[in-house]
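Visitor: Protein chains in written order, with this note's numbering: chain A, 3 to 179; chain B, 32 to 268.
One thing to keep in mind: the hints can contain errors.
[What the hints assert, rightly or not] Straight-line Cα separation of at most 25 angstroms, BS3-like style, residue types lysine-lysine; simulated pairs:
#1 A:Lys-66 with A:Lys-148
#2 A:Lys-162 with B:Lys-39
#3 A:Lys-66 with A:Lys-54
#4 A:Lys-54 with B:Lys-197
#5 B:Lys-197 with B:Lys-169
#6 B:Lys-169 with B:Lys-196
#7 A:Lys-54 with A:Lys-7
#8 A:Lys-148 with A:Lys-162
#9 A:Lys-54 with B:Lys-39
#10 A:Lys-148 with B:Lys-39
Calculated directly from the structure, the hints in this document are not laboratory data.
These are the residues of each chain, in order.
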Amino acid sequence: MNSSKAAAARRRRFDELVGVFHQDMYRYSAWLSRDRTIAEDVVQESLLRAWKSLDSLREDAAAKHWLLTIVRRENARYFERRRLETVDIDNLTPSQEALLANQPNEELDEMRAAIYRLDDDYREPLVLQVLMGYSTNEIAEMMELKQGAVLTRLHRARHKLRDEMQEEVADRDRCNE
Amino acid sequence: MMNCEDYKEAIATDPSWEGGEEHLSGCAACLGYRDDMQALDRRIEQALSLRVPDIETPELPELDTGKVVALPARRRISPPAWFAVAATVVIAAFVGVRMVGNDVMYSSLADEIVAHLDHEPKALRVTDEPVSERRLTKVVPASVANMNHEAGLITYARTCVINGKKIPHLVIQGEFGPVTILLMPDEMIDGAVQIDGQSINGVILPVGSGSVAIIGEDKENLGNIQQSVVNSVSWST
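Same shape as in the complex, but just chain A (with noise of 0.2 angstroms):
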């Protein structure tokens, strides 16, 4: 294969990658930064280190999990750079209201604030098993954590989540009082 056919190819390639996963690489990199506009700015920037060392990706069936770490490793990256700032979910930037306010639904939009009010420790390995589809396994290697550790999060983030949404309806019980 010449080079230009070769330039060709990759970047088709890099193309198809990117056109089957972006979604799950903006969703993840959303819930882990909780905003809007900074998970863009990761994706992008996955985009391009992926582009650099699209290479090292041997085999397409690994895509996934390979693209994910990279939106991981550059979302640590970002908050690297930047000095780590508590979210006060009552006072939130436009950018963090956009991701709760992402097709209004009264019911999604409270479980989306639960969620986003979730320790990152928690967040991550729900985001991680629910949308992503890894089993626990997988989720303590992309973590560097035990698995035991991973099943612990996980129990207690589902319980965290449960018990709000039942104060949420509480309260609403009570409103309508």
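We have chain A; now place chain B onto it with these hints.
Guide: Okay, now just chain B, sitting in the frame of chain A:
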């Protein structure tokens, strides 16, 4: 056989788990718990499934990996190496004292700008099709600059990286072909820097606390364009 505590523990870590059937068949409480957890998971999944905006592929650099051709043979712009010498001379005339020591960024900036044009040839097509207002707003957000349409017909808009900073890269159509405009709100220069090449003609102009690079074909008279571009740009910070 598993007890209620074990079963609930397992279901709370993965509500799609299909084990524990034997326990479940005799325990209504755990059956209810499983159904609750599965319903909760469906809502979690819906909540997590954010609508995804159009993700724009960033500018992808040509890679010289041995497998990939670095640049097409047809180059519209004079070689960066040649330009770098000319640019350095011209810049030195304007900012000579600041070229001493580590502060040699102006020559690299100019060099980088020309190299950037060189590897983004598709920006330089002749067209009368304007970019959408939405795209323009995305590339030149109000938080970076306010830009009106005095500059001319904008036919290309993309966020690019120059000197490590994301900047709006625009192209307008001039009399002799496309004219590149790079808005660099964070690149302060002391004075105008002329860019002369074998087939290009351009300038980097100081604008407020930043600068704007304008590069066109060698025959292009950039005087009017410069004026309208400078008038049309105001930095937001």
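Visitor: None of the hints should be skipped; say for each whether it holds.
Guide: Against the structure, the hints:
| no. | hint | in the structure |
| --- | --- | --- |
| 1 | A:Lys-66 with A:Lys-148 | holds, 22 angstroms |
| 2 | A:Lys-162 with B:Lys-39 | holds, 15 angstroms |
| 3 | A:Lys-66 with A:Lys-54 | holds, 16 angstroms |
| 4 | A:Lys-54 with B:Lys-197 | holds, 18 angstroms |
| 5 | B:Lys-197 with B:Lys-169 | holds, 12 angstroms |
| 6 | B:Lys-169 with B:Lys-196 | holds, 16 angstroms |
| 7 | A:Lys-54 with A:Lys-7 | holds, 18 angstroms |
| 8 | A:Lys-148 with A:Lys-162 | holds, 21 angstroms |
| 9 | A:Lys-54 with B:Lys-39 | violated, 45 angstroms |
| 10 | A:Lys-148 with B:Lys-39 | holds, 21 angstroms |
The structure does not agree with numbered hint 9 stated previously, though it agrees with all others.
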